[in-house]
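Going left to right, the sequence shown walks through residues 1236 to 1430 as my numbering numbers them.
To be clear, the hints were calculated from the coordinates, so they are not data collected in a lab. From the three backbone atoms N, C-alpha and C, an ideal C-beta is built for every residue, glycine too. Check each hint, because a few of them may be wrong.
[What the hints assert, rightly or not] With a Cα cut of at most 27 Å, we get these calculated DSS-like pairs of lysine-lysine:
#1 Lys1373 with Lys1429
#2 Lys1316 with Lys1272
#3 Lys1316 with Lys1293
#4 Lys1316 with Lys1376
#5 Lys1273 with Lys1316
#6 Lys1293 with Lys1351
#7 Lys1273 with Lys1293
#8 Lys1293 with Lys1373
#9 Lys1293 with Lys1429
#10 Lys1273 with Lys1376
#11 Lys1373 with Lys1316
#12 Lys1429 with Lys1316
#13 Lys1272 with Lys1376
#14 Lys1376 with Lys1351
#15 Lys1429 with Lys1351
[Claimed, not checked] Quick list of simulated restraints, FRET-style, between CB atoms:
#16 Phe1352 with Gln1331: 42 to 48 Å
#17 Ser1270 with Val1291: 49 to 55 Å
#18 Gly1339 with Leu1281: 21 to 27 Å
#19 Tyr1287 with Gly1354: 36 to 42 Å
#20 Tyr1385 with Ser1270: 52 to 58 Å
#21 Leu1375 with Ser1294: 22 to 28 Å
#22 Asn1257 with Ile1397: 46 to 52 Å
#23 His1266 with Gly1374: 23 to 29 Å
#24 Ser1270 with Ile1330: 21 to 27 Å
#25 Ile1424 with Gly1314: 28 to 34 Å
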Amino acid sequence: MTIARTCMLGLLALPLAAQSTNFSAGGGLIHGLDSYKKAVNATTGLNLNVGYDTSVYKSGIPARISLGVGLMPGKEQNGLKTSLTLFQLAGDLLIQTDVQGLQGVVGLSLNSYSAKFSGYESPAASDVEHHFPFHDAKGLKGGLRFGVEYAFNARWNGQALIQATELAGRQRFDPLIREGGINPAWLEIGVRYKF
């Protein structure tokens, strides 16, 4: 819970310290891709974040560092419901385009998941398609982010991002044979307000 507490304090403190226009806050709706649905058996979620615009050390390339929380509610299937909470530290490069107000976003993220399980999954081997492939989401996970951002005016931007992160690999003592791990990916559509 220390990571969760630190992230929440960061989310609360950054807007309060927003004395310059380098600080921003954003939010987006999550539409999960197939790998996301495999994790929570649902396709919706919410991501809230705060960011600081800067540039890459001695290069002048625009960049953003952000701290966010993702809420990924699960849906019960086969007796088990799994919901995820994501705490994310991300670094993005902001790539200018020839279109006025449009820029590309490419970045990496460091992620910490918290999984909440309720109910019990069926032990029947015939239900293998519905078995949840992990029971532990501990540890830091890497991720990739890319998309576009459009400035509506000096304060408001719209964003469309695709994110993919690690979550869990095949469990060591899993009696069911599964290929590979589970790496949730999603499309995130949202807005960002610059202070």
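Outcome of the hint check:
1. Proposed proximity of Lys1373 and Lys1429 is contradicted: the alpha carbons are some 33 Å apart, above 27 Å.
2. With a C-alpha separation of about 12 Å, the suggested pairing of Lys1316 with Lys1272 holds against the 27 Å cut-off.
3. For a cut-off of 27 Å, the pair hint linking Lys1316 to Lys1293 is broken: about 48 Å separates their Cα positions.
4. With a CA separation close to 22 Å, the supplied pair Lys1316 and Lys1376 stays within the 27 Å bound.
5. Restraint check: the Cα-Cα separation between Lys1273 and Lys1316 comes to about 12 Å, which is no more than 27 Å; the hinted pair holds.
6. Between the alpha carbons of Lys1293 and Lys1351 the distance comes to roughly 43 Å, so the proposed pair goes past 27 Å and is violated.
7. Of the pairs offered as hints, the one joining Lys1273 and Lys1293 is violated, with about 42 Å between alpha carbons and a cut-off of 27 Å exceeded.
8. Taken as a hint, the Lys1293 and Lys1373 pair is broken in the structure, with Cα atoms around 36 Å apart against an allowance of 27 Å.
9. The suggested pairing of Lys1293 with Lys1429 holds, with an alpha-carbon distance near 24 Å, which does not exceed 27 Å.
10. Only pairs whose Cα atoms come within 27 Å are accepted, and Lys1273 paired with Lys1376 is accepted, the gap being roughly 17 Å.
11. Taken as a hint, the Lys1373 and Lys1316 pair is honoured in the structure, with Cα atoms around 18 Å apart against an allowance of 27 Å.
12. For the hint pairing Lys1429 with Lys1316, the CA-to-CA distance comes to about 37 Å; that exceeds 27 Å, so the pair is violated.
13. For the proposed pair Lys1272 and Lys1376, the alpha carbon gap of about 18 Å is at most 27 Å, so the pair holds.
14. Distance check on the hinted pair: Lys1376 and Lys1351 sit about 17 Å apart at the alpha-carbon level, within 27 Å; holds.
15. Pair hint Lys1429 plus Lys1351 does not hold up; C-alpha atoms about 33 Å apart against a cutoff of 27 Å.
16. For the pair Phe1352 and Gln1331, the beta carbons lie near 44 Å from each other, so the given range of 42 to 48 Å is met.
17. Against the hinted window of 49 to 55 Å, the Cβ-Cβ separation of Ser1270 and Val1291 comes to about 30 Å, which falls outside the hint.
18. In this structure the supplied range 21 to 27 Å holds for Gly1339 paired with Leu1281, their Cβ-Cβ distance being about 24 Å.
19. Between Tyr1287 and Gly1354 the Cβ separation comes to about 41 Å, which falls inside the hinted range of 36 to 42 Å.
20. Under the hint 52 to 58 Å, the C-beta atoms of Tyr1385 and Ser1270, about 27 Å apart, miss the expected range.
21. For the pair Leu1375 and Ser1294, the beta carbons lie near 27 Å from each other, so the given range of 22 to 28 Å is met.
22. Checked against the hint of 46 to 52 Å, the pair Asn1257 and Ile1397 fails, with Cβ atoms roughly 25 Å apart.
23. Distance hint for His1266 and Gly1374: a CB-CB separation of about 26 Å, consistent with the stated range 23 to 29 Å.
24. Separation of Ser1270 from Ile1330 is about 26 Å and conforms to the stated range, judged on CB atoms against 21 to 27 Å.
25. Judged by the Cβ atoms, the range 28 to 34 Å given for Ile1424 and Gly1314 holds: they are separated by roughly 32 Å.
Violated hints for the displayed structure, listed by number in ascending order: 1, 3, 6, 7, 8, 12, 15, 17, 20, 22.
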